[in-house]
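Go ahead and model the full structure; you've got the sequences and the hints to work with.
The opening position of the sequence shown corresponds to residue 31 in our numbering, with each subsequent residue numbered one higher.
Treat the hints as calculated values from the structure; they're not laboratory data. One or more of the hints may lead you astray.
To be verified - 20 Å max Cα-Cα, derived EDC-like pairs, lysine to aspartate or glutamate:
1. K100 / E133
2. K100 / E139
3. K100 / E123
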Amino acid sequence: MDELTVTLEQSGRTATVAGIRAHTIVMDRPEAQGGTDAGPMGGETLLAAVGGCFMSTLYAAAGARSIDVKDATCTVVGTFAASPRRFGALRIEVACSSVPASELAHLVEVASRGCLVVATLRQGMDVTVGTSEA
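Structural data, given as structure tokens:
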């Protein structure tokens, strides 16, 4: 079975460090929410992951079509749903003045179908939570 694994460890009183290949991401709550603001919150990191995966897929689609993308930007907006507090919807907006609008729209559509994170969120998935021996 193919899998992708990320390991996280506590760092200080409220922060968590994710080890991803040779990279690390520190996540924490803002001070106003009881954290130390050592990094973005998990929800913010989720939105960044959506955008990062989407843009990586868009760049790959552009490269496969010999389209030179130079100045692309992406905004990911998570709209909250009520109880339990969660994202009820996500909106991804892409801008890029170096690519004609019709070509950009096509690349966005291709990336929308090919992005691992977007595809996962659209289909839903089983989430299990448990404990393991340390």
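Verification of the hints:
Simply put, K100 and E133 have alpha-carbon atoms about 14 Å apart, close enough for the 20 Å limit, and the pair holds. Of the pairs offered as hints, the one joining K100 and E139 holds, with about 19 Å between alpha carbons and a cut-off of 20 Å not exceeded. The straight-line distance between the Cα atoms of K100 and E123 is roughly 17 Å, inside the 20 Å bound, and the hint therefore holds.
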